[in-house]
Amino acid sequence: MDIIGQLITSFIATAAFGVIFNAPKETLVKCGLVGMGGWIIYYIAEKYSGDPVLATLGATLFVGIVSQELAKFYKTPVIIFSVAGIIPLVPGGLAYDTMRNFVEDDYFQALALGAKVTLLSGSIAFGLVFSEVINQVVRKIKAVRP
Amino acid sequence: MENEKTLTYEIMEVCLLAGKIMLQSGGETYRVEDTMMRMAAAFGIENSHSYVTPTGIIFSAEGAEPTKTKLIRISTRSTDLKKVAMVNSISRRITSGELNLESALTLLKELDALNVTFPFMVQVAAASIASGCFMIMFMGEWIDFIPAMLSGGVGYIGFLYFHRYIPVKFFSEFLASFIIGLLSFFLVKIGAGQQLDKIIIGSVMTLVPGLLVTNAVRDLMAGHLVSGLSKGAEALLTAFAIGSGIAVVLSFV
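Chains A and B, in that order, give the protein sequences. Going by our numbering, 130 is the number at position 130 of the first sequence; the sequence numbering is gapless. Every position in the second sequence, counted from 1, becomes a number in our numbering once 1000 is added.
Don't take each hint at face value.
[As the list claims (entries may be wrong)] A few chain A positions that, by computed beta-carbon distances, are all more than 10 Å from chain B:
{"hint": "1", "residue": "Y48"}
{"hint": "2", "residue": "I65"}
{"hint": "3", "residue": "L70"}
{"hint": "4", "residue": "A112"}
{"hint": "5", "residue": "K116"}
{"hint": "6", "residue": "V144"}
[Stated by the list, open to error] Covered by chain A, per the in silico footprint, the following chain B stretches (three or more residues, Cβ under 8 Å):
{"hint": "7", "region": "1026-1039"}
{"hint": "8", "region": "1081-1087"}
{"hint": "9", "region": "1114-1120"}
{"hint": "10", "region": "1239-1248"}
Simulated from the structure, these hints should not be mistaken for lab results. Built from N, CA and C at the ideal position, the CB exists for glycine as well.
Produce the complete structure using the sequences and hints provided.
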């Protein structure tokens, strides 16, 4: 039951972010699906491994690879799908928490949270770069062996 | 000779205009560089270099005469993925030889002047729905869904309005998060909502610079050190504005 709620809300939230970022109308549903897939992978992986960094990495890899394929298929820039897809994964809440602790003079907590934000956004960036590398390697292998 | 000179200038103008639209609409720096060089190559300038940072573009083209270099400044940045997609499709048509120089220039000029955003109310509705959904995704209770939608929506209206009248982005972010904090506190106080923290986090998700942080790290990894650092600084300032907006409310109550 819980997971159905997560599926629905992550789909709607991602598609709504597509509207805020002014993505083309015909891509909104696809954006929502990409974001939903990424979030569910994160949600399940985080629940069973307890490691948000690993879960984020896995989810971003999924988002990255799917976005590359969609971009190739529909001949649009990758950024349209990847931006919407990683929105649920970005540590926005944590970044806000960090700053709130800073302005409330709790530097110890703020630094700890800040380190976490850096790690999480690093793993998102790494996942995106890694999915691009995979894509290029696959393309090169195909070019060598047609 | 004179003819060739003006031709190079025109090609540069097309490339720079495309780059400018992409960068202002939130395209990645490396993609802007790549697109500009591809377009130049399609028009016959084999040797071109572009250096793109979030605040400006330097583009130089080597031709028969001395190398020409032009610089344009980018002062406003937003996220408008539709424009990125449209520039992308124009550049595709240029590289496939469908578009000539003049029609590419007119198309890009039209696109630059065009306003393709969703209507105001649709954006606000999307922001408020997203706020509610994010609250659920961060393990909030369904009872807080409506309060999160309310404060997220009102906060986003505030952000759009302030941004229109006050050109300082960080100030409008500060005011918007101040409104969110105030409204969430009020809703919890009158008993409409329960978890103040979850409502606030869900509502500020439409403002937080999560995307900027990620892009900054990605640029740094790709070796675009200047872009990475400047985006990181922008993200830090935004996060600071939001955090202090909420903190002001929390210190009052």
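- A:V144 clear of chain B by more than 10 Å, beta carbon to beta carbon? Its Cβ never comes within 10 Å of chain B, the nearest being 23 Å, so this holds.
- Given that the region 1026-1039 of chain B was listed as covered by chain A, double-check it with a C-beta distance under 8 Å for 3 or more residues. holds (count 4)
- Item | Beyond 10 Å from every chain B Cβ - status for A:K116 | Nearest chain B Cβ is 12 Å from A:K116, so the label holds.
- Message: Can you confirm whether chain A covers the region 1239-1248 of chain B, using C-beta to C-beta distances below 8 Å and requiring at least three such residues?
- Response: Coverage by chain A holds for the region 1239-1248 of chain B (7 residues, Cβ < 8 Å).
- Item | Verdict on chain A covering the region 1081-1087 of chain B, where coverage means 3 or more residues with a C-beta closer than 8 Å | holds (count 5)
- Query: Against chain B, does A:A112 keep a CB gap of more than 10 Å to every residue?
  - Reply: holds, 15 Å
- Query: Do three or more residues of the region 1114-1120 of chain B come closer than 8 Å to chain A, measuring C-beta to C-beta?
  - Reply: holds (count 3)
- Message: Beyond 10 Å on every Cβ pair: is that true for A:I65 relative to chain B?
- Response: holds, 16 Å
- Message: According to the definition I'm using, a residue is off the interface if its beta carbon is farther than 10 Å from all beta carbons of the partner; does A:L70 meet that for chain B?
- Response: holds, 12 Å
- Message: If I take the minimum Cβ distance from A:Y48 to any residue of chain B, is it greater than 10 Å?
- Response: Given a closest Cβ separation of 16 Å, the condition holds.
Violation of the numbered hints given earlier is absent; every hint is satisfied by the structure.
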